[in-house]
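Please take these sequences and the hints and turn them into a complete structure.
Protein chains: 4
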Amino acid sequence: MLVIMKPAATTKEISQVIARLTGDGYETQLSEHDGRTLIGVVGHDMPEPTRENYAMLAGVDQVMDVSVPYKRASREFHPTDTVVPLGGQLVGSGRIAVIAGPCSVESRDQIIETAHAVKEAGAIALRGGAFKPRTSPYSFQGFGEQALQWLAEAREQTGLPVVTEIMDPGLVPLVAQYADVFQIGARNMQNFTLLHAVGESQHPILLKRGMSSTIKELLMAAEYVLSHGNTRIMLCERGIRTFETFTRNTFDINAVPVLKHLTHLPVIADPSHAVGKREYVAAVARAGIAAGADGLLVEVHPCPEEAVSDGRQSLTPEQFAQLIEETRAIAAAVGRSA
Amino acid sequence: MLVIMKPAATTKEISQVIARLTGDGYETQLSEHDGRTLIGVVGHDMPEPTRENYAMLAGVDQVMDVSVPYKRASREFHPTDTVVPLGGQLVGSGRIAVIAGPCSVESRDQIIETAHAVKEAGAIALRGGAFKPRTSPYSFQGFGEQALQWLAEAREQTGLPVVTEIMDPGLVPLVAQYADVFQIGARNMQNFTLLHAVGESQHPILLKRGMSSTIKELLMAAEYVLSHGNTRIMLCERGIRTFETFTRNTFDINAVPVLKHLTHLPVIADPSHAVGKREYVAAVARAGIAAGADGLLVEVHPCPEEAVSDGRQSLTPEQFAQLIEETRAIAAAVGRSA
Amino acid sequence: MLVIMKPAATTKEISQVIARLTGDGYETQLSEHDGRTLIGVVGHDMPEPTRENYAMLAGVDQVMDVSVPYKRASREFHPTDTVVPLGGQLVGSGRIAVIAGPCSVESRDQIIETAHAVKEAGAIALRGGAFKPRTSPYSFQGFGEQALQWLAEAREQTGLPVVTEIMDPGLVPLVAQYADVFQIGARNMQNFTLLHAVGESQHPILLKRGMSSTIKELLMAAEYVLSHGNTRIMLCERGIRTFETFTRNTFDINAVPVLKHLTHLPVIADPSHAVGKREYVAAVARAGIAAGADGLLVEVHPCPEEAVSDGRQSLTPEQFAQLIEETRAIAAAVGRSA
Amino acid sequence: MLVIMKPAATTKEISQVIARLTGDGYETQLSEHDGRTLIGVVGHDMPEPTRENYAMLAGVDQVMDVSVPYKRASREFHPTDTVVPLGGQLVGSGRIAVIAGPCSVESRDQIIETAHAVKEAGAIALRGGAFKPRTSPYSFQGFGEQALQWLAEAREQTGLPVVTEIMDPGLVPLVAQYADVFQIGARNMQNFTLLHAVGESQHPILLKRGMSSTIKELLMAAEYVLSHGNTRIMLCERGIRTFETFTRNTFDINAVPVLKHLTHLPVIADPSHAVGKREYVAAVARAGIAAGADGLLVEVHPCPEEAVSDGRQSLTPEQFAQLIEETRAIAAAVGRSA
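Protein chains in written order, with the numbering used here: chain A, 310 to 647; chain B, 310 to 647; chain C, 310 to 647; chain D, 310 to 647.
Errors might be hidden in some of the hints.
Cβ-to-Cβ under 8 Å is the rule here; a few derived chain D residues that face chain A [as the list claims (entries may be wrong)]: (1) M373; (2) T554; (3) F555.
Per label pair, the in silico range of CB-to-CB distance [claimed, not checked]: (4) D:T625 with C:Q486: 49 to 55 Å; (5) A:V377 with C:F386: 38 to 44 Å; (6) D:T625 with B:E465: 50 to 56 Å; (7) B:G344 with C:Q466: 51 to 57 Å; (8) D:V392 with B:E615: 40 to 46 Å; (9) C:H512 with D:E634: 53 to 59 Å; (10) C:E462 with D:A461: 45 to 51 Å; (11) C:G538 with D:T625: 37 to 43 Å.
The calculated BS3-like cross-link candidates involving lysine-lysine, where the alpha carbons are at most 30 Å apart (straight line), are [to be verified]: (12) B:K586 with D:K525; (13) A:K586 with C:K380; (14) D:K586 with B:K525; (15) C:K321 with B:K380; (16) C:K315 with B:K525; (17) B:K525 with A:K525; (18) A:K586 with C:K321; (19) D:K586 with C:K321; (20) B:K586 with D:K380; (21) D:K525 with A:K315; (22) D:K586 with B:K380; (23) A:K586 with B:K315; (24) A:K315 with D:K315; (25) D:K525 with C:K525; (26) A:K525 with A:K380.
What the hints contain is simulated information worked out from the structure, not anything from laboratory work.
Don't be surprised by glycine CBs; every beta carbon is placed ideally from N, CA and C.
Now the structure itself:
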């Protein structure tokens, strides 16, 4: 850490900062740059709020930290790729992992039909919402445990592991009975109570980036889960909120290589929520793989025009099969299999 | 609702849309505009996902809705101002309500000393965090129930009601024992499980706008609480996330008159989180009141340089007393008291 | 156009709107939807400001337009792809067009060396800045006409056409003497005086999206150029400004398929400005092609550590050659050549 | 400047950085912090692009600058307030300066009528557009020189100085003949050719913040003008582009106290463009003054429903007179006159 004093800082102010640092157990080193005194701080990491306090002392211009706040999620800390076992495959190794299914589980028939269709096309896991976060209290909120049972039945028939969103920390035991992967939705990326709860399980986590969260905040959210002992985390870029309104969100393609660089955790691209319109999903899926993503999360519905949610961005099984084929070509072009 | 067909839509496509609408129980009315067929839809409200499904039918260009999705929160539905009782005052009536206190409750002495100081300066309620949402798992997470007990003690001594954040729906009964107002933090504005839980209580709610939530989404979050029976909601503008990084967030001053126009619920301005730097808090507080806010939420700490969180944006009791005075002058200028 | 009246609109208010529309030369059609009166407006297109005026009349809730404001740029108006001749190739036809070179022309040697290197690697045109838009008045502003001469010399030696930015409408004749393509920079996308000036030439235009411009605004800027008679326009996505600060901008990958859908003009991806860091350029370049872009604009410098501008995001000739190879594989995977 | 090496940087890498710095004429100072080597750089200011080059050297983690890039605009450089003479008043001294008038000059009668009305209400200058930046090439582009003549006539009758937008650097001499203040519009804030041109005149400049420009970029744009010798600059906050679409832009109220802190130049608030809807203009105007702005820029039209542009956000003369009265009360509350 570095404390940068103002050009006009007095000797007394400099001494006071040093005295406080010493009192807090740090060693200090002084130097002069651009007419300012700089105080280097040596010792244990200083938590962010304490740093802010130093920023308020008389004569201090700013306090800078040069270390990364996420340790366990960082590639510096853990250079080799983490792989997450899913459906007999290792997500984060060479092969592209595709997770697909409807936004909401709407009926037994719908989810079982979809499960067979996405399996045949090449998906390795089935997604489907049992508890739905909906902007309106008057919208369909999901079939809950009933939906979990249908998902489990679909798994029995197809062998596909089940990925489903969890919103309530109190429901971890219930959902754990049926699902193979806990999805943390974008709106809950900083629901720390929930991150704590799933961090204590050993279920793999699909952690979606909040729609206005920075890459660093996504890594800090992963750090919460990691700090409670669960290392099976897949990060998911699903589009961020920008001024552009033609698409539902803006898929942050930059985040794919950046995440692969900063962290050892696998990265999944969700083109469906990123664009929000069916006709653009395949292009963004191809882009995600071309940029280095380890997998895809795609919304598929046997009959999108009948979907109770997100129909506008859902693919038909035929469109999904086509997307898989296109993706395979891209995967091969970047030296991966799919 | 209106279904706007593409210019090139065929008669068959138009007929298919009409047939489906009729099948779903709606009446239709046809007209022609700008070379397109428009299908007016008469009948009960159509939920958003169903509308989206119509948008996918062959020949359809777009589907538009002309109604507001929030009913109970809307001023059209409820023209007269809602007032929320707090500390012997009615928030949303003419008098400005100031809620103040530290970001985190750090000790018995700290919270009691602050309570006395803010009361003396003119605050009508005490804020203080017992459970803290922190970006890093390694930061201080709050003293929990112990902090709630200290807050209750501060209330006993000063008479100030207690406002504190709740993050875990499972803790509603515990927090309700000690606190007078549940604060829903910005990160939890769309934690629907939590909104449901506090909507079933009768404690007043301080609902903070998510840092990347639209005004409409804030009203939909209020609608969740309202739909579960709790009408004692104060909306809080606390800054949104933009490209500007000099300040912590961008206070959306426009939102103040817009919310007063769209909804009957009182509006509180939080200048502390909006700017993130102590020296700009008073200016934004004055602006909030000038724009029509019904109250303020201000971070105050007896010794900001020692604060374990948000010290950088906390005022000293003296600065807070000065802010209150400035605010009173503004309140008088807009025909209110403080 | 549609005028949607408020539910509470009186017969008198409705009559006044109709009278004004009739006076303005429009025919009207009335219908009822959701308890509101709707007035359909038939006749010539109504300009946006006039529409806004109707929105202000008593009893009017909103006025909606269902037509697109860009005509010549729209694929509805012009369904077949526009191709732009460049370096003996047609940009927008099947083959990927790569334009490369340094941010600034720094010396005769630098630009000639780079021209040879990028040609050898597979570029079909040379970029280089003679007049530089710089945030600081104290930064290097470009070598001006001298740089144009060096660029022309590089073209003579390599055969590569020259792409260079123009900022001053008064310099169109000068720049036209030396350059083959006028680049309109992101900061000038809505410099309408400049758009007018280049619209009157027949030089191809590389029109970069403003860093906070919507897709629609980009198309409207193209419409300016088209409306003055120049149809040789290449649109360039180069990243938009968002809250994410880890990368210089956020490449809007969604915009690639969306633009290909909405307009007949070719789309070029600029990964260099979008990410701002050399190590991520190739991944975003691959993504752009995978999503359907017709070409790339890439910053290349013989010695990035010595560049006077944008060195941080410039590739060495070797890295560029590697990028071209990776891009070719992706192009083949999406059925294109490169 | 500071060069922060990676934890794993080798002695050889450190030596290479030092050698290059020495070669470039800088002195260096070494220290160790958090297990990293830090190289302090002493000597003349290093331009940003050169700093970026150092960031690319082997072993370097990042390069940080602790100095501000704007010198002449900075309050450190020039502690006392700059005041700009306008209409017999000094903008930036205690009295609030209100500039008002229509978006576009539409006719001789319209501008003369408006001039009288805004003068009577208390405005000290008249605004009106002769050359209009319009998103669509098919919208009204202004009456050009004819409008300038009408503006001059309005000045003759009322004594109000004329503020008008200039977009084309080639028109500086023409516009200077008629107008008293050059307005630089938001879309041209980084039109450096134009900034250069007006920087060489001595006309006061009303410099509007770009809709996606940071506070720092606004100050750098002012620096351009200052560096060419013109110090009569008024900065104008007019709303920034965010994800919120209910209002036209988001007025950045934080920017008002921040600008007053960072720079000596006066700050004008433009509530009209910030909200885009007439009914919210007065609230944001009051907020701007409460936060410390030195003046207002307000759109006023004798008959907003007939305006050819921006009618939706224009006030009638009566509404404007009411706004002035409200503003006076706020000004008094913050110790200023109006």
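Okay, the hints, checked on the actual structure:
1. M373: Since the shortest Cβ distance to chain A is 7 Å, the answer is holds.
2. T554: Holds - the Cβ of T554 (chain D) comes within 8 Å of chain A, reaching about 7 Å at its closest.
3. F555: With a closest approach of 12 Å, the F555 (chain D) hint is violated.
4. D:T625 with C:Q486: 49 to 55 Å: Holds: the Cβ-Cβ distance is about 53 Å, inside 49 to 55 Å.
5. A:V377 with C:F386: 38 to 44 Å: violated, 51 Å
6. D:T625 with B:E465: 50 to 56 Å: At 55 Å between Cβs, range holds.
7. B:G344 with C:Q466: 51 to 57 Å: holds, 55 Å
8. D:V392 with B:E615: 40 to 46 Å: holds, 41 Å
9. C:H512 with D:E634: 53 to 59 Å: holds, 55 Å
10. C:E462 with D:A461: 45 to 51 Å: holds, 50 Å
11. C:G538 with D:T625: 37 to 43 Å: holds, 41 Å
12. B:K586 with D:K525: holds, 17 Å
13. A:K586 with C:K380: Given that 30 Å is the threshold and the Cα spacing comes to 23 Å, the pair holds.
14. D:K586 with B:K525: holds, 17 Å
15. C:K321 with B:K380: Holds, because 28 Å separates the two Cα atoms, which is no more than 30 Å.
16. C:K315 with B:K525: holds, 19 Å
17. B:K525 with A:K525: Answer holds: K525 (chain B) to K525 (chain A) is near 28 Å, not above 30 Å.
18. A:K586 with C:K321: Violated, at roughly 42 Å.
19. D:K586 with C:K321: The hint holds at about 24 Å.
20. B:K586 with D:K380: Holds - the C-alpha atoms of K380 (chain D) and K586 (chain B) are around 23 Å apart, at most 30 Å.
21. D:K525 with A:K315: holds, 19 Å
22. D:K586 with B:K380: Roughly 23 Å separates the two Cα atoms, so the pair holds.
23. A:K586 with B:K315: holds, 17 Å
24. A:K315 with D:K315: holds, 26 Å
25. D:K525 with C:K525: holds, 28 Å
26. A:K525 with A:K380: With Cα atoms ~12 Å apart, K525 (chain A) and K380 (chain A) stay inside 30 Å; holds.
Of the numbered hints given earlier, the model fails hints 3, 5, 18; all others are met.
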